[in-house]
Amino acid sequence: MSQTTASMPGATKEHAPERRPKASRPRLRRRHVTGLIFAAPLIVYLLLFYAYPLAVNVSMSLRRFTRATYVTGEAPFAGADIYKEVLASPQFWPTVEQTAIFVVVSLVFQYTIGLALAVFFYRNFPLSTVLRGLFLVPWLLPIIVSATTWQWMMDADNGILNRFLGLFGVDPIWWLNADNSLWAVIIANIWLGIPFNLVILYSGLQNISKDLYEAAELDGAGPWRRFWSITFPLLRPVTAITLLLGFVYTLKVVDIIWIMTTGTGKSQTLATWAYGMAFGKGTSAVIKYSQASVVGTILLVIALVMGLVYLAVQRREED
Amino acid sequence: MRTTPKVRRATGIVFATVVATSLAACGGGSAGSSSSGSASTAVTQIGFWDPYPQYDDSSDWAKYVQACAPSGATIKRTTAPNTDLINNLTTAVREDNAPDVVFLDNPAVPEASASGLLAPLDTVGIAAGDADANLAGPGTVDGKTYGVPIGANTLGLYYNEDILKKAGIDPSAITDWASLNAALEKVTKAGDKGITFAGVPGEEGTFQFLPWFWGAGANLKDIGSSQAVQAGQLVSDWVAKGYAPKSAITDNQSASWDQFLTGKYAFAENGSWFAKAAAAEKFPIKMMPIPSATGGAAPVPTGGEFGVVPVHKDNSAGHYAAAKHVIDCLLGSDKQITTDNMLGYFTANKTTRAQQIAAEPVYAPWTDAINGAQGRTTDLGTDYLTTSAALSKAEQAALNASGDQAKVAEAFKVAAQEAKG
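First to last, the protein sequences are chains A and B.
Numbering-wise, the first sequence is residues 150 to 468 according to the working numbering.
Numbering-wise, the second sequence is residues 527 to 947 according to the working numbering.
It is possible that part of the hints are untrue.
Distance condition first, Cα-Cα at most 27 Å in a straight line; then the derived BS3-like pairs of lysine-lysine [what the hints assert, rightly or not]:
| no. | chain 1 | residue 1 | chain 2 | residue 2 |
| --- | --- | --- | --- | --- |
| 1 | A | 233 | B | 850 |
| 2 | B | 747 | A | 430 |
| 3 | A | 430 | B | 939 |
| 4 | A | 233 | B | 946 |
| 5 | A | 430 | B | 933 |
One-sided and incomplete, this derived list gives chain B residues near chain A with beta-carbon spacing under 7 Å [what the hints assert, rightly or not]:
| no. | residue |
| --- | --- |
| 6 | 618 |
| 7 | 904 |
| 8 | 906 |
| 9 | 926 |
| 10 | 933 |
| 11 | 935 |
The calculated label-pair distances, taken between Cβ atoms and stated as ranges, are [said to hold, decoys possible]:
| no. | chain 1 | residue 1 | chain 2 | residue 2 | range |
| --- | --- | --- | --- | --- | --- |
| 12 | B | 780 | A | 464 | 51 to 61 Å |
| 13 | A | 297 | B | 711 | 56 to 66 Å |
| 14 | B | 668 | A | 315 | 55 to 65 Å |
In case anyone wonders, no lab produced these hints; they're calculated from the structure.
Source: prediction; values computed, not measured.
Ideal Cβ positions, reconstructed from N, Cα and C, are used throughout, including at glycine.
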């Protein structure tokens with residue numbers, strides 16, 4: 150190869166570093182064109198279904214949309230005005246706070262309870278497979294069924310939850326009130342998310358070698374010590390992916406909140422707010438598509454940040 | 527990771543593509559090409575949308591609609607809930623494959639016409655008709671008529687005769703809010719429950735709140751007035767004292783009716799479309815007009831859909847001819863009584879309504895209510911939706927406040943500001 154470069158016009162010195170990249174560019178193109186061709190379908194798919202909707206969403210948030218826009222196509226350019234309006238709206242920061250509480254509390258409890266159950270099922274006992282299967286029911290039920298049932302159970306006057314609490318002498322709580330609605334949907338969401346965490350953490354536990362546990366037991370480590378020193382650290386990669394997936398999913402949850410409370414009161418999150426504004430659902434039938442696009446863009450940025458955090462954590466794991 | 531020339535190039539390509547597509551999106555967004563209507567060809571499959579998903583294809587209503595197809599054509603009927611219908615219509619008009627006739631909820635008609643979704647009746651060639659002024663109001667925007675009322679319904683106060691008798695209450699003595707509240711107190715003391723209504727967020731909740739709002743003397747142009755606060759306090763106190771169920775904040779009219787049908791509630795604020803079903807219930811259900819604050823019947827809002835004709839670009843003449851045929855067939859003055867009886871509505875014209883009521887004695891108590899019912903969008907037009915949203919929020923806050931007067935007052939003050947912009 151070097152002999153051919155030496156004989157090509159213009160490549161007088163083989164050793165000159167600045168010339169070599171020029172001479173080797175044709176080689177680069179040949180080798181990598183095939184690679185690009187293989188990657189082309191994926192790149193086209195990503196451009197069509199990821200890059201293009203993303204670009205359209207951002208452009209929508211910069212223009213004023215009304216219902217008439219769908220017919221006439223007129224959407225005057227508004228620049229950053231719509232962003233300023235949404236960020237200055239009195240609802241914005243409370244909604245962000247509510248979203249943060251919803252996501253963090255849901256994740257913490259889903260993960261903890263899922264992990265506890267996974268550890269519990271780790272020791273296979275008779276009927277443990279059946280029981281584990283039953284724990285998947287929240288995941289399998291259609292959300293309309295679960296959400297309506299939760300709404301019924303949380304009825305302030307006749308709901309089963311209040312009757313149960315009444316057995317312990319607790320006064321009936323108005324669960325779907327504006328103030329309590331956030332906690333009501335968090336409880337329902339935790340119930341919904343436990344199976345996912347259980348399944349993934351259970352399979353993560355299977356990958357931990359039993360020899361480690363035997364060795365620890367021989368050294369005299371009790372069950373708690375074994376959990377904190379062996380199980381939990383070795384589960385870190387699985388934990389990271391479970392929490393990332395859970396975060397991104399919970400951030401955009403609309404259905405469970407919408408069916409239970411239509412996102413009223415404190416149960417308003419960024420996702421339900423965007424949904425209500427985009428389609429004129431809930432309290433207001435006025436379409437506020439631009440503002441919804443702004444909130445959607447903000448959600449995207451939050452999810453992106455979390456994704457980058459995950460990549461950083463994963464890189465630390467690999468080092 | 528090191529950025530090799532290859533990576534830099536790939537990143538550059540992706541970035542350039544993203545920028546190019548976003549510029550294309552910024553510059554584009556034009557509506558579909560407008561092909562001026564070709565020579566009018568008769569439409570063979572006529573699209574018809576209505577918000578009655580409870581009537582499926584095997585129901586009498588579906589067959590009745592099918593019978594209105596002109597010879598050589600069939601009617602394809604699609605249903606969707608009211609809240610979805612206008613969104614579906616928007617997408618359909620944009621794609622220029624809208625149906626020929628839509629039954630659209632009346633408060634949505636000004637918004638639909640202002641957004642360019644509807645064809646004025648003059649263009650379609652339909653005569654304005656003989657509907658009463660108070661019922662036809664929502665269909666006229668800026669002097670142009672866009673729709674024909676299919677009929678009307680309104681709200682009344684149903685009551686369980688047995689429960690009132692047991693508590694020793696005379697129904698005819700309930701003429702204002704004070705007597706109503708006294709009756710509610712008596713009924714709850716006797717061990718039964720008070721009143722059910724729909725406080726669900728959105729237009730349905732506002733619809734149910736309006737008799738109390740108007741009954742207090744408030745006006746939709748100023749929803750922060752002290753009368754508005756009075757109305758809010760009324761419903762707030764009901765929740766606080768346990769006269770109304772706490773689920774009122776999420777109940778729609780169907781759910782609140784189901785609660786009334788359990789037989790445990792004394793009163794139910796609900797619509798005339800339940801009048802016939804109510805007469806067939808196990809316990810005796812009667813109806814009285816909703817009382818206003820100081821005495822007499824409160825003004826009640828008109829419910830009911832309008833027959834509207836979506837805009838068509840391609841073959842508009844053919845589509846409008848089909849629409850005219852179907853609307854005349856379903857809503858012509860001689861067909862109104864049949865159509866409205868099928869849906870449980872009153873006719874939109876006083877004379878035919880009198881005939882309708884004479885034929886069905888169960889409708890008799892509703893005569894005054896429907897004759898005096900008011901349109902919601904008549905004063906505000908397209909601004910109604912913003913006002914309705916603000917009012918719904920205020921009512922939700924009032925119900926949640928559960929009697930707290932400061933919170934109720936604050937809720938309506940905020941609502942007044944929201945309604946303005």
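The hints, checked one at a time:
At most 27 Å may separate the alpha-carbon atoms for a hinted pair to count; residue 233/A and residue 850/B exceed this at roughly 47 Å. Only pairs whose Cα atoms come within 27 Å are accepted, and residue 747/B paired with residue 430/A is accepted, the gap being roughly 23 Å. Simply put, residue 430/A and residue 939/B have alpha-carbon atoms about 23 Å apart, close enough for the 27 Å limit, and the pair holds. Under the criterion of a C-alpha separation no larger than 27 Å, the hint pairing residue 233/A with residue 946/B is consistent with the structure, at around 19 Å.
Of the supplied pair hints, the one linking residue 430/A and residue 933/B holds, its CA atoms being roughly 25 Å apart against a limit of 27 Å. For residue 618/B, the interface hint is violated, the least distance from its beta-carbon to any beta-carbon of chain A being 10 Å, above 7 Å. The restraint placing residue 904/B at the interface with chain A is violated, with a minimum CB-CB distance near 17 Å, outside the 7 Å limit. This hint is violated: residue 906/B has a C-beta 13 Å from the nearest C-beta of chain A, more than the 7 Å allowed.
Hint status for residue 926/B relative to chain A: holds, with the closest Cβ pair at about 4 Å, below 7 Å. Violation of the interface hint for residue 933/B is found here, the shortest Cβ-Cβ separation to chain A being roughly 10 Å, above the 7 Å cut-off. Interface hint at residue 935/B: violated, since its Cβ lies 16 Å from the closest Cβ of chain A, which is beyond the 7 Å cut-off. Roughly 55 Å separates the CB atoms of residue 780/B and residue 464/A, a value that falls within the hinted 51 to 61 Å.
A hinted range of 56 to 66 Å for the beta carbons of residue 297/A and residue 711/B is inconsistent with their spacing of about 33 Å. Between residue 668/B and residue 315/A the CB atoms are about 58 Å apart, so this pair conforms to the stated range of 55 to 65 Å.
In summary, the numbered hints that this structure violates are 1, 6, 7, 8, 10, 11, 13.
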